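Fit chain B to the supplied structure of chain A, relying on the hints for placement.
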Amino acid sequence: MQLEYVGAFQIVLGVLFRFWPVWLALGIVLALSITYKKRLGLYGQLFDTNVGIAGVVICLFWLFTAIFSGTIAPFDPLAQNVVMKDALPGAMTPDGGVYLFGGDKLARDIFSRMVFGSRIVLIIAPAATAFALMVGITLGLPAGYFGGRIDSVLSFLANLVLAFPVILLFYLLVTPGIMDTPIPYAMAGVFFLFPIVFFCVLFYTRFKNRTDRLYPQLAVTLVLGLWIYFGLVFDADPLGIISIRPNELNIFVAVVFASSPGVFRIVRGLVMDIKTRDYVAAAQTRGETPWYIMLWEILPNARGPLIVDACLRIGYTTILLGTLGYFGLGLAPESPDWGTAIKDSSRLLRAFIHPALPPVIALMSFVLGLNLLADALREQSLKD
Amino acid sequence: MLAFIVRRLGTMALTMLCLTLVVFFMVNLEPNLRKLSISQLDMRSSDEHIESWLQRNGYRDNFFVRYGRWLGVVEKQPNMNAEGQPVPRFSYCNEPAEPHYGGILQGDFGCSTKFKTTVSAKLFPALGATGILMFWVMVVMVPISLLIGILAGMREGSRTDRTLSVASITTTATPEYVSGVIFTVVFASWLGWLNGSAASATGQGITFYNFTLPVMTMAIYGIGYIARMTRASMVEVMTQQYIRTARLKGLSFGAVVVKHALRNALIAPFTVIMLQFPWLLTGVVIVEVMFRYQGFGYTLVEAAGNNDIDLLLGCSLVSVAVVLSTQLISDVGYAYLNPRIRVQ
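First to last, the sequence lines map onto chains A and B.
In this note's numbering, each number is its position in the first sequence, counted from 1, plus 2.
In this note's numbering, each number is its position in the second sequence, counted from 1, plus 4.
Bound conformation, chain A alone:
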């Protein structure tokens, strides 16, 4: 059967039109941000430079694409339409739809897959980075502050993980076989404990003499934390809202494991620098506890470099996820994420190039946006 095609101009128009919820949301957010620029602190200052604006726009674009992917994508990312196998961009389906970027070797719509891929990437990458930050901060603070034996042991462990080539680590940690063993669950159990411990200590050190504030905060932290904890680690959420598939838990844990030593090193270095300042000495003279000083005196003053690092690290985590997808580790083979799509299409580059380009450009532009954002943030925080 001969397929009918729409022209290049119509493809461009069609793509622009499909993204309408993103343009709308982007317009509203940008208009609000520029109007109230002065009151928005560091975020507002981003709009002073071109690099900053470009970074914000690209990141928000992918964020909104992930949120509205159900509306944007015209087809189900897993649905196969047999006549559309390897269709070129702009091919029309028999019932009148258009495969804007063509079909892949399994006759799925490449455009819809790219849009839905953003959802997977934008959930896992920031969440894994957040957990890596938590682990790195909770371990890096005491290592930098106390020094001595704690520092030597923790630094040795961090260097141990960093000496592993990432790819080897993934091949060992993310295999189908390992999900039969308790290792991923044990690691998840340890890693997901860190945020709970972190917030409990955070509130306890601040409000330990004001029990009226302390108890509600601790209660909320523990209830929320343990709820999510049991949902994620044991898949035993009593309400059945939070659940994660074993293979997703596995890649999540592996990515956190691979990137937390980097955070640890940065936090440790920052703490060693900041602990020589006068306000830390003043707090020590006041008789504050070490954990109060670390969490309420040192950490807020280390936030600038940490925010910049977090931006870069989300980008790096996206690259890691893509690497996992590229080697077919962890994610399901039909998953629409960008790494898997690149793997599938790069094997067929000799025959068809159109399935390879959308995921490649998507991944590159998202990481580029984060890097530009980090660069602008660094420039702004150096200015102060």
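Hints were generated in silico from the structure; no laboratory data involved.
Fair warning: this is a prediction, and the values are worked out from it, not measured in the lab.
Be aware that a few hints might be false.
Claimed, not checked - As a list, the in silico SDA-like pairs of lysine to any residue whose alpha-carbon atoms are at most 20 Å apart:
| hint | chain 1 | residue 1 | chain 2 | residue 2 |
| --- | --- | --- | --- | --- |
| 1 | A | K385 | A | L308 |
| 2 | A | K39 | A | G29 |
| 3 | B | K39 | A | G179 |
| 4 | A | K385 | B | R166 |
| 5 | B | K39 | A | M181 |
| 6 | B | K39 | B | E52 |
| 7 | A | K210 | A | E299 |
| 8 | A | K107 | B | V239 |
| 9 | B | K39 | A | I185 |
| 10 | A | K107 | A | Y7 |
| 11 | B | K263 | B | L341 |
| 12 | A | K385 | B | V239 |
| 13 | B | K39 | A | K385 |
| 14 | B | K39 | A | P184 |
| 15 | A | K385 | B | T243 |
| 16 | A | K107 | A | K385 |
| 17 | B | K39 | A | D182 |
| 18 | B | K39 | A | S383 |
To be verified - Here are a few chain A residues that face chain B, going by a calculated C-beta distance under 10 Å:
| hint | residue |
| --- | --- |
| 19 | L65 |
| 20 | A68 |
| 21 | T177 |
| 22 | G341 |
| 23 | S347 |
| 24 | S348 |
Quick reminder that beta carbons are idealized off the backbone N, C-alpha and C, glycines included.
Okay, now just chain B, sitting in the frame of chain A:
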């Protein structure tokens, strides 16, 4: 300095011991052993068959005894068949018929079950092939990135600086599997100038036609990072007092940059370049798989995919050794290059 190096070498040995123990533990997990035995027997083997195979080949011995054997501190016992005759575990590796110490410490890397040869026979040629790739990547990457960094950092905030900075941010946002696809599309599919596969490089030798794409793909990811570090270092040097003095005594801008700034600005990038090696290792794996070049990365993926225990352990030992020794070289080199640290 000597005491420092000795202490670092001690830490290195300890790290390698810990890491190989971890890898040894991971490859000997029950599902991985099953995968190995199924690949050695056949798909339809019964559970008893698999179990007896594992038992016979010593995979059920005590974990630490087996690690000791791999390391070469515990004696290896030969396999005995029903008549009490020694038989080698794998027919393609010569195994002595009497008890012996044969491990890493004796220089015996073991036996590759995937490639059906000894690990040394597979691993070292692969390392050589990767060495050639790495050499060309370095030859391309280092001069280009230093040049970009110096040009950008020479006049901070200028148009050149802005353009080059954005360009280098872009390359750091382009991992190998992305740039590889883009380059293949442009240079192999559209223009047809270059070969999209380096498979022929192993057999027929390296040519510009089959080797440019892998080298380009690997170099591009590192260029941005090194260039940015060089730029930061150059910017800092250009604000120093002695640069102003040199300018005030009437030297031309070019002479100041070449004679006074360059040397001091290149200390920091040296460390960065050395610390790039762990990243390059990941890049090597991606690029070699993508362009089908039979090197270290390709071997590692094959070993990991088939749970080839000895080969995988050999690969991890080599890569960890590379990472740790480049760290050592970067520390020593930094101290040597920077007089302020050398005197201390």
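Worksheet item: Which of the numbered hints above does this structure break?
Response: Result: hints 8, 13, 16, 18, 19, 20 break, sorted rising.
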